[in-house]
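Number of protein chains: 2
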Amino acid sequence: MGHRARHPRRPGHRADLPLRPQRARVGGGAPGAHAAGPRAHLRPHGGQHLPRRRPSRSAVPHAPRGRVGRLPDPDPGPLPLQRRHPPRRRRHRCTRLQRRPQDPRRPQGPPVIVDGTVGVLGEDQLEAVHERAMTILEDIGVEIRQEAACRLLAAEGQKVEDSRVRLDRHFVEAMVARAPERFTLRARNPDRSVTLGGGSLVHTPSGGAPFCSDLERGRRDGTLADHVELVKLAHAAPVLRCQQSGVVEANDLDDRSRHLDMDYTVLRWSDKPYICYGGSGSRAADAVDLAAVIAGGREALERDAWIVGVVNSNSPLVWDRAMVDALTVWAEANQAIAITPFLLVGATAPLGLAGGLAQQVAEALAGLALAQLIRPGVPCVFGSFLSAVDMRSGGPAFGMPGGVLGTLAGGQIARRYGVPYRGGGGLCSGMTVDAQSATESLNMLWATYLSGCDLVLHAAGWLEAGLTTSYEKLALDVEVLSMFEAMREGIITDEEHFAIDTIREEGPGGMFLAAPHTLEHFRDWVWMSPLFRSDAHANWVKRGSPDAGQVATQAWHRLLDGYEDPGIDAGTDAELVACVERARRRIGAA
Amino acid sequence: MGHRARHPRRPGHRADLPLRPQRARVGGGAPGAHAAGPRAHLRPHGGQHLPRRRPSRSAVPHAPRGRVGRLPDPDPGPLPLQRRHPPRRRRHRCTRLQRRPQDPRRPQGPPVIVDGTVGVLGEDQLEAVHERAMTILEDIGVEIRQEAACRLLAAEGQKVEDSRVRLDRHFVEAMVARAPERFTLRARNPDRSVTLGGGSLVHTPSGGAPFCSDLERGRRDGTLADHVELVKLAHAAPVLRCQQSGVVEANDLDDRSRHLDMDYTVLRWSDKPYICYGGSGSRAADAVDLAAVIAGGREALERDAWIVGVVNSNSPLVWDRAMVDALTVWAEANQAIAITPFLLVGATAPLGLAGGLAQQVAEALAGLALAQLIRPGVPCVFGSFLSAVDMRSGGPAFGMPGGVLGTLAGGQIARRYGVPYRGGGGLCSGMTVDAQSATESLNMLWATYLSGCDLVLHAAGWLEAGLTTSYEKLALDVEVLSMFEAMREGIITDEEHFAIDTIREEGPGGMFLAAPHTLEHFRDWVWMSPLFRSDAHANWVKRGSPDAGQVATQAWHRLLDGYEDPGIDAGTDAELVACVERARRRIGAA
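Residue numbers (my numbering), protein chains in the order written: chain A, 166 to 755; chain B, 166 to 755.
Some clues are possibly wrong.
A pair counts as met if it fits within one copy or between any two copies, since identical chains are not told apart.
Capping the alpha-carbon separation at 20 angstroms, the derived lysine to any residue pairs in SDA-like fashion look like this [said to hold, decoys possible]:
no., residue 1, residue 2
1, Lys707, Gly446
2, Lys324, Phe376
3, Lys397, Leu380
4, Lys707, Arg385
5, Lys397, Pro681
6, Lys324, Glu660
In short, the hints are calculated from the structure, not lab data.
Please put together the full structure from these sequences, using the hints given.
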């Protein structure tokens with residue numbers, strides 16, 4: 166059960182970079198010529214106390230590189246996740262399962278767990294949730310407020326009275342069995358395609374917020390310019406392997422057609438894969454049309470998933486027309502669908518977590534069954550978005566014990582049904598980049614990693630219960646996600662890491678700071694970030710006593726400065742623009 | 166492997182407390198008569214924006230009560246931890262093992278893990294660490310700079326050259342086998358005694374800091390008055406089950422005798438058990454003399470552990486005279502000893518985590534073997550305090566991936582040797598109560614819970630790499646620890662929590678906020694704290710846009726206001742005072 170021996174990856178020769186702990190000392194020296202920069206007028210602090218560029222290594226743009234240890238063996242052998250979560254009830258299914266991960270050097274599974282299933286539900290508890298969910302589907306039923314879907318389900322022998330649909334468990338289980346355990350989400354740059362499934366931990370930035378904020382420009386209505394900037398930030402952060410259209414709402418544009426502009430800017434300024442929202446059948450169709458351009462036509466599009474469309478049930482137990490329309494469009498195009506009930510226990514679900522989970526399963530599987538009925542084998546993602554309500558304000562309380570337990574249970578449930586899992590994220594209710602929002606986000610990100618989420622929406626930038634996408638929070642979350650990636654690399658126990666000879670040489674009372682072994686490895690083995698520093702109090706005061714939010718302002722600027730336009734083929738770009746304009750004319754928008 | 170069914174604990178009748186989400190709305194109404202309070206002159210904000218008392222329920226003083234779910238069955242049956250970590254190499258040992266937890270209603274083990282060993286080392290990696298540690302002890306040896314200890318070890322056939330001692334692995338293993346797997350730490354109030362072992366998660370406040378700080382009075386040299394206040398805060402927080410003498414240094418007192426005053430104030434103002442530091446043999450003896458007063462004499466003292474004394478090796482591989490003197494005094498008195506190498510990988514240990522762990526085992530087991538040689542069966546705690554160095558400042562970087570992995574590995578190592586584990590804590594390098602310190606602390610607290618630490622020093626209040634004990638950080642950490650305790654209660658899957666009838670009644674499109682089931686249970690089932698709120702942005706602005714640090718100021722005031730003097734028997738108190746004065750005269754201090 167232990168980690169397999171790993172072949173050391175030889176670091177570059179670093180003799181030209183001796184250890185000089187003082188060279189990056191903060192506050193030392195005046196800010197260089199770069200400190201002003203093109204946005205200096207926007208920054209009230211003017212970089213005086215907080216020089217924008219530092220000689221120290223920025224962790225942000227190099228997130229997935231080896232830190233604590235080295236990358237695992239390029240040939241990982243049988244996937245450890247298979248061992249941790251043995252396939253159940255799905256052994257003989259024919260799916261588009263990819264047995265090998267996309268990037269074989271990427272660590273697999275939760276960060277720090279050896280030989281164990283991570284979860285909060287025992288086997289019998291998991292079955293109890295399933296049983297109650299089936300009871301809800303069979304006895305109570307769901308409202309499906311779209312006639313075509315009701316007709317389809319009735320034709321399969323399901324009980325339909327007006328829009329109330331009662332689903333038979335055998336039908337539901339047969340439909341669930343059609344969904345693949347893993348699938349590839351294609352990007353216009355093939356190197357950026359990702360596999361979803363098996364604990365893939367594909368992170369996207371936050372999305373859907375009407376507001377955005379940063380410490381320099383304040384909290385404001387989002388615009389398309391903000392959207393572009395945030396897309397570029399997400400593109401520049403390697404740990405965010407997937408984009409999200411609508412990372413902030415482009416409120417300056419006509420709301421009937423801004424989804425087109427937001428999708429287009431994602432496609433133009435990033436070559437990572439992306440997820441998008443439907444909102445209606447026609448918007449979902451617009452997303453499909455744009456995706457078809459990069460896929461090379463509708464036929465090519467239908468061979469693979471090029472987008473993940475997000476649909477939410479209207480909890481409790483309602484699938485409304487707009488959502489079913491969107492789900493139908495995506496299913497017909499064989500595009501991936503993330504089906505996520507938005508459950509606030511005590512408001513849109515009963516107060517007990519157990520009941521919330523049962524309702525979540527009922528709602529998600531109703532949507533999933535419908536999608537599989539429309540297009541057998543269409544990739545579906547089982548979504549969890551379950552939180553407690555703060556009974557004092559009626560608002561969602563993110564990052565609290567109920568949300569953590571719900572996220573962990575959701576992972577077990579998704580594995581039980583053998584479909585990829587969307588859950589977790591850097592969710593918080595905090596209003597500002599402070600200890601509250603950090604605590605809440607960290608709780609959720611630990612749950613994200615421990616439950617082995619496959620698709621993580623809102624992994625970075627989420628603030629104020631999702632109403633605001635924060636630039637500083639995005640930079641902080643990216644650093645935290647990089648920490649988790651470093652933790653997933655685990656502890657390497659080869660002779661070089663044991664360094665017994667070095668211990669012998671230093672001997673009792675020695676000091677390793679200047680040891681050749683330390684000088685050789687500290688740049689590759691030590692996780693250091695400009696955001697998370699250990700400094701003397703006096704030096705920190707000399708720097709103007711910045712809190713982490715202020716330091717994060719520099720971090721997102723550094724990230725944005727490091728953004729490189731991936732470029733786009735001129736013909737593809739023209740086609741995308743034409744597609745957007747056609748749709749805009751059809752809508753009749755400005 | 167599932168959770169066993171739990172008998173519901175009937176909540177009190179709550180019909181007199183209807184759900185009124187608006188009644189505790191923040192910013193509504195003027196602060197009440199209590200808002201000024203005796204410390205109003207110390208609070209620049211005067212409670213205007215941040216009224217000190219709120220009608221909302223304070224989570225702080227009620228930390229261990231049921232939140233997300235109910236307390237587990239009072240009869241927990243075989244301990245789940247035993248199942249998760251089957252005893253190895255220790256099956257036939259005769260120890261003071263307690264098979265039943267002290268408080269049977271307290272949840273056992275890590276918070277959220279079902280059926281798995283939580284760790285980062287595979288079985289073979291764990292053995293590799295052990296092997297290298299034995300190599301260090303046998304081939305390199307440790308310096309033990311105290312003659313009596315060297316003589317004792319030589320008499321057992323160990324190789325002693327000057328102060329360099331090379332220990333045979335069979336000798337070390339035989340000594341380790343003498344240490345109990347669990348033991349009871351007695352408190353002067355018997356109801357407050359705790360069991361250490363088996364994942365007991367006994368938390369203490371931070372300690373050893375020269376400075377303390379709060380947002381009202383600023384950062385300052387600690388005094389005895391601060392020490393008393395912090396002891397009272399820790400006493401008032403149920404989640405801190407153990408005190409720590411020296412929660413801040415009483416810098417206003419003579420440094421030759423202030424340990425007496427700090428120990429005395431812990432004993433006077435709290436009736437919880439406590440840990441203390443030695444620093445020298447005579448200080449360790451003073452601690453023993455005071456503990457003997459509450460135990461009822463030296464003979465009674467030696468029957469149980471009444472204190473945990475902390476000793477640190479002087480890494481790498483040195484046990485200096487003062488520490489060995491203290492260890493000897495405590496071992497002779499049969500008091501518990503926490504043995505903790507303080508390892509900074511890349512400074513006091515080699516850069517690789519693997520080497521750091523091997524060195525940690527070598528140093529800790531050398532101390533443990535010596536203690537067991539002096540007094541067979543004396544309770545010992547295997548300590549881990551392993552962090553990376555921030556290579557830019559040379560300071561310890563707490564809460565980073567290396568520290569998390571080291572903490573998790575330490576738990577596996579301690580279980581391998583079958584001794585209780587001291588590790589984790591709310592450690593951080595951040596300078597202020599901000600997103601950095603919260604992120605670092607949360608990482609370490611997740612590692613604390615996942616590794617099932619037994620004794621958690623510095624669980625609350627740690628700031629600035631331990632140089633400062635922060636009142637606000639203490640209040641925040643106490644809230645976070647309460648969240649973990651709620652998570653440990655897991656998900657209850659009885660019919661009341663499934664609430665299928667309620668789902669049926671509300672039906673598709675319903676709303677659970679005012680459902681009788683919600684009204685009946687929301688006070689017991691929902692985790693709510695005044696510190697972590699979900700509020701509308703406009704309300705938050707109306708309240709003066711407080712960050713979590715400012716909110717935490719109210720929280721520690723609330724905690725301190727809730728402190729109740731446990732009282733002390735007048736005769737015992739007089740004996741303690743006499744004991745302190747005798748020692749002070751002996752020392753010749755003022």
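Hint check:
| no. | hint | verdict |
| --- | --- | --- |
| 1 | Lys707 with Gly446 | neither (57 angstroms within a copy, 41 angstroms between copies) |
| 2 | Lys324 with Phe376 | neither (43 angstroms within a copy, 70 angstroms between copies) |
| 3 | Lys397 with Leu380 | within (18 angstroms within a copy, 38 angstroms between copies) |
| 4 | Lys707 with Arg385 | between (32 angstroms within a copy, 18 angstroms between copies) |
| 5 | Lys397 with Pro681 | neither (40 angstroms within a copy, 49 angstroms between copies) |
| 6 | Lys324 with Glu660 | neither (65 angstroms within a copy, 26 angstroms between copies) |
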